[in-house]
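Participant: What follows is the residue order along each chain.
There are 2 protein chains.
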Amino acid sequence: MQKGLSVSDSDGSTFAPLVVLELAPNTKEEAVEWLLKRIRDKQQDGGAELLVEKLSPEDQSTEKDNPNVYMVGASMRRLLFGAEDVGLFKEFNDGTMRSFTCANRHNFKEFQGDGDSFLSMAECQYIIKHELDTLRAKGEAHVPGYPKMKLYPGKSVIRRIQSKGILVQIFPLHENEELKRLSFSWYKQFKLSFQPLDDIRHYFGEGLALYFAFLEYFTFALIPMAIIGIPYYLFDWEDYDKYTVFAGFNLVWCTVILELWKRLSASLAYRWGTLSRKKAFEEPRPGFHGILGFNPVTGREEPLYPNFKRQLRIYLVSVPFVLLCLYLSLYVMMIYFEMEGWVLMIHDEEPTFWTGVLLFIPSVIYAVVIEIMNLIYRYAAEYLTNWENHRLESTFQNHLVLKVLVFNFFNCFASLFYIAFVMQDMGLLRQSLATLLITSQILNQIMEAFLPYWLQRRRNKKAHRRVIKTLADKELPLSDQVKLEADMSTYLGTFDDYLELFLLFGYVSLFSCVYPLAAVLVVLNNVTEMYSDALKMCKVFKRPFSEPAADVGVWQLAFEAMSVIAVVTNCALIGMSPQVKSYFPESDTQLIMWVVAGEHLLLAVKFILTFVIPDIPKNIQIKLSRLEFESLEALKKRVSTASLAFNDTLKILVESSVFFTPDT
Amino acid sequence: MQKGLSVSDSDGSTFAPLVVLELAPNTKEEAVEWLLKRIRDKQQDGGAELLVEKLSPEDQSTEKDNPNVYMVGASMRRLLFGAEDVGLFKEFNDGTMRSFTCANRHNFKEFQGDGDSFLSMAECQYIIKHELDTLRAKGEAHVPGYPKMKLYPGKSVIRRIQSKGILVQIFPLHENEELKRLSFSWYKQFKLSFQPLDDIRHYFGEGLALYFAFLEYFTFALIPMAIIGIPYYLFDWEDYDKYTVFAGFNLVWCTVILELWKRLSASLAYRWGTLSRKKAFEEPRPGFHGILGFNPVTGREEPLYPNFKRQLRIYLVSVPFVLLCLYLSLYVMMIYFEMEGWVLMIHDEEPTFWTGVLLFIPSVIYAVVIEIMNLIYRYAAEYLTNWENHRLESTFQNHLVLKVLVFNFFNCFASLFYIAFVMQDMGLLRQSLATLLITSQILNQIMEAFLPYWLQRRRNKKAHRRVIKTLADKELPLSDQVKLEADMSTYLGTFDDYLELFLLFGYVSLFSCVYPLAAVLVVLNNVTEMYSDALKMCKVFKRPFSEPAADVGVWQLAFEAMSVIAVVTNCALIGMSPQVKSYFPESDTQLIMWVVAGEHLLLAVKFILTFVIPDIPKNIQIKLSRLEFESLEALKKRVSTASLAFNDTLKILVESSVFFTPDT
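Line order of the protein sequences matches chains A and B. Sequential numbering from 8 applies to the first sequence in our numbering. Sequential numbering from 8 applies to the second sequence in our numbering.
What the hints contain is simulated information worked out from the structure, not anything from laboratory work. A couple of the hints might just be wrong.
Pairs involving identical chains hold if they fit within one copy or between any two copies, as the list cannot separate such chains.
To be verified - With a straight-line cut-off of 35 Å between C-alpha atoms, the simulated DSBU-like cross-links for lysine-lysine are:
1. K316 <-> K49
2. K157 <-> K625
3. K162 <-> K116
4. K543 <-> K286
5. K625 <-> K171
6. K625 <-> K162
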């Protein structure tokens, strides 16, 4: 728990603030009071039984500050029950991970005394978020003071006031001490070391820790390729013939690393207790709307939206829109090739140094345009997916990921495929690949980390200057810290980070055989990415709520799809190499047949490998089976105890000869 | 429960016999007594708490009969607890399927009064089998009277005496009344009707019912293909050009029917309560041996066999053996082609009617040889897989299925692939396919149903003649029925039946475009197969123990693999058709490129389809989610009740100020 900061409760006792609720400044008094009462009410009365207090700024000089900021905390007892409620897994005395229960709390390894340090602050904040989210309307027909904001029994109060704009934002507080320690071990020491994954998980939760684990794993996986790539680059620069071996290596590599990652991620998820954690029933997402009806699963009243309407929106609007965008992207690509030809013509007419530089200009422009198109498309995709009105956040995310992936893949790789297989110009392919890779990396790093960091620093300086007068080197008082954090940007999740890795993976696995330096560049990029991502998580963004995650989700699938495409592409590149062609001097047909046969064989082997390599390492599999076995045995014991009781009842029945007269 | 038959218990009361245990005639008295005591002992004392009595034959005239035959039954109370123990799913009052619990028994739909007719006899027999299987040794060091038959705490008694030959066989009794009713609705009325799946499941269990459901589904799925095939056969007999459309149809068909089957099978499994049933912890299979150690999952003492030794046996012996067999099969194929060429030569020299007949002889001989090789290989595979010493029956089955499938696939289809793609002789392909299909069907039907049926009838007649003297048209007495059934052959599971369907599916999906009558032949075969399989289940074999199954298991995978191969094969056949070739008169390369591109697209669509079509129909998905949601809610309630209790404890702690002093 965070030391040093505390808020006075209404009855005088203090509590550590965990989560900040910022309400709109003009929220009506009665709505605020109703909300606070609901949050404070006992669970038996349908409340959340949390502690909540208004932030009392020590310095009320600045008029423009929002006065409606509330701090939420909870007693340790409440948090422990919350932990049971959300199904948290913790390490048991025997070293296995088990679902935490209060009754059993003393058998958990880190539970000492009153359990004060048992839950990390991130876990506490996650629990409070969950409890707030499941705070449901009871009898209220609408939010008090706002007759138009309808409520119905069972509707999540927080989600309603959030979607209606009363709740401006809800975010967990940073812990300055912890953050300093984490950032020191994470990015402040300039030596090569492993990412402090357990600390990241402790502070930011499993979802983000898995992203950094994947980033690190991916970087390490690239190193052999980078090492092989350097001599290729140095000695065979113009010798495309030799790339066959490299393509073959590529092909095996991208299959194997994904399989191994699955195992590593299962190990991490087990250690962090998310592997066998059961997902709670998902609430409708805040923006979801529809006609009030009864959910067939829960029986609760909630908005229903007919599936066929959603399908219509998807197939009649979203799909055509995506196709249109793909067409547009193709069009831009064609313009690029025209520019390319035009520049080449100029260079051929009168080759000077400047025309040599000019040769790279179209590629750079194209790379920039691609990035801009990706960015614009991203907003459009989000808008469309929102409009499709998916009930669950997870389906929303899946549809969004699919839309964005298809477009990004097409946008980034279409030109490369065109050059490789239609124009069959390996020199141009290498040049395009290099330009695309380098430009997009530079753009990304700037857009993603340094620009926000710079903006944040400017903002911080302004805020600091105000405060610095009173405090020399002491810590900021709570009210200032909250205001500082409230102004920070919000981290929108790991989507963009994974997307970037996905595209890099594509560049490397698809075409690195023609440009062996690609792997080296990606490794360099990843190393800086680690630092810049760490920086942005610690300094630029508000602390995000921790997201329990057992794997990288839909991205595993995306990467696997890419690796299948990589097998096909690499086989085709091998087939096109002069070295291979020289084996079949007479007939192209035979060559193609052999390449196709080889490719089919490889794909078959790939699928068999996916099937044969177990996704979960054996030692963890054993631990999981043991838990399952124990719960089955426990159930059996319960049955036989019940059996004894039932036995007695039966005896009475049999003695009064009502029950079971044997057949004759 | 079976009316009319009963056995007197030791204390004079009677019970309905369910399962027969046949011990070796020379079993020592003390071993028998110990076994009976363990079966009868109360569960608290580690017994199975079942009823067991020696079969007392009314007619002891025949000396050669085995006197050591025991009947096992159980009280209804015991069976209900057993049902809870094995995790039986039954229909609840609200129409959903739920795990049966005794405490909740009156809320189940079919539970009336004392629950006498609640469990079907097959379920009772399954429960008894399970209870016998989990009857474990306690302190015994060996089977009494047999110092060499070692026991250790936790070892399944039944499995030990079975693997040591004391227990000759264990089988459930038929119910004559039920069987008559079932066989009437199943195969005795010669009208086309659906299979009585629910009745089959009621009598034989889910595993077998799913097989018949699949057989029926597969037959219906073939009908459109058969209908399209007839005009093709009638009008385009020699026109190979037109088969492109048929191959395209094939390709879509085999993808779609497998996806739909998954949904149908999920519906059936839900209705039968096996879909969400949890698998119990699997015991080591009877033949498994190793050095005594502790199972890392259960902590129980049991034999352990190091995995690397098993892997060595698999990779150094089994794999080379399989490869050798494949080589042999290839060799036989080459001999067939030589014979074929030789016969063709004779026919070409002097074509007469007899040389025309001679043309078919090599194919027929080859078909017969293939069947014989399959049969021999089957035994070898079983022996080898046994020798590999797998711990679980399920892994044993998977390895066996894999071995047999690979060889059978190769053996049956290698010649067809050779003719199609190396010789490119469509006329010969058609002729070979027809001969293979028809010969193997005829052989199968004879071997599988009519031969055993005929043998069984001869045996029955002999047995009957002995009995018939005393009984005119009355039912057989129990002792005679038991002896009759003990002499019947044992049904070895659905393996061979599925294998046959798998090969038929292969003939149809791979090559039916060149021989459109294949689908018609397979439909005819399936219809007779339904009757002959029904006949053999009811008349030829001992009743098998019911096998709870939620799907067709590894066969789904096998069929899907075949459908992928079918896509590739059909694309290749399309590419080879003169009709398609005429579109690319100049270049073969272009043709191949287009075919390959189309094939890749189709495979991609196939995988996307597999992914997009939900495996479980939506209405069942909703029911399952509801159950899960309810159990989560119930858990939450339990937590908040506990919370109240915990609350009180905490109050005391807080009041004595031991617990939770807030941070400052």
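Participant: Within a copy, between copies, both or neither: where do K625 and K162 come within 35 Å Cα-Cα?
Facilitator: Only across copies: K625 and K162 sit 24 Å apart there, 43 Å inside one copy, limit 35 Å.
Participant: 35 Å Cα cut-off: does K316 pair with K49 within a copy, between copies, both or neither?
Facilitator: For K316 and K49, the Cα distance exceeds 35 Å both inside one copy (41 Å) and across copies (61 Å).
Participant: Quick one: K625 to K171, C-alpha cut-off 35 Å, is that within a copy, between copies, both, or neither?
Facilitator: between (49 Å within a copy, 32 Å between copies)
Participant: Is it within, between, both, or neither for K157 and K625, if the alpha carbons may be no more than 35 Å apart?
Facilitator: between (52 Å within a copy, 30 Å between copies)
Participant: Please sort K162 with K116 into within, between, both or neither, judging by C-alpha distance up to 35 Å.
Facilitator: Only across copies: K162 and K116 sit 33 Å apart there, 38 Å inside one copy, limit 35 Å.
Participant: Checking an output row: K543 and K286, CA cutoff 35 Å. Within, between, both or neither?
Facilitator: Within one copy only: 29 Å inside a chain, 47 Å across chains, cut-off 35 Å.
Violated hint: 1 only; the structure is consistent with all others.
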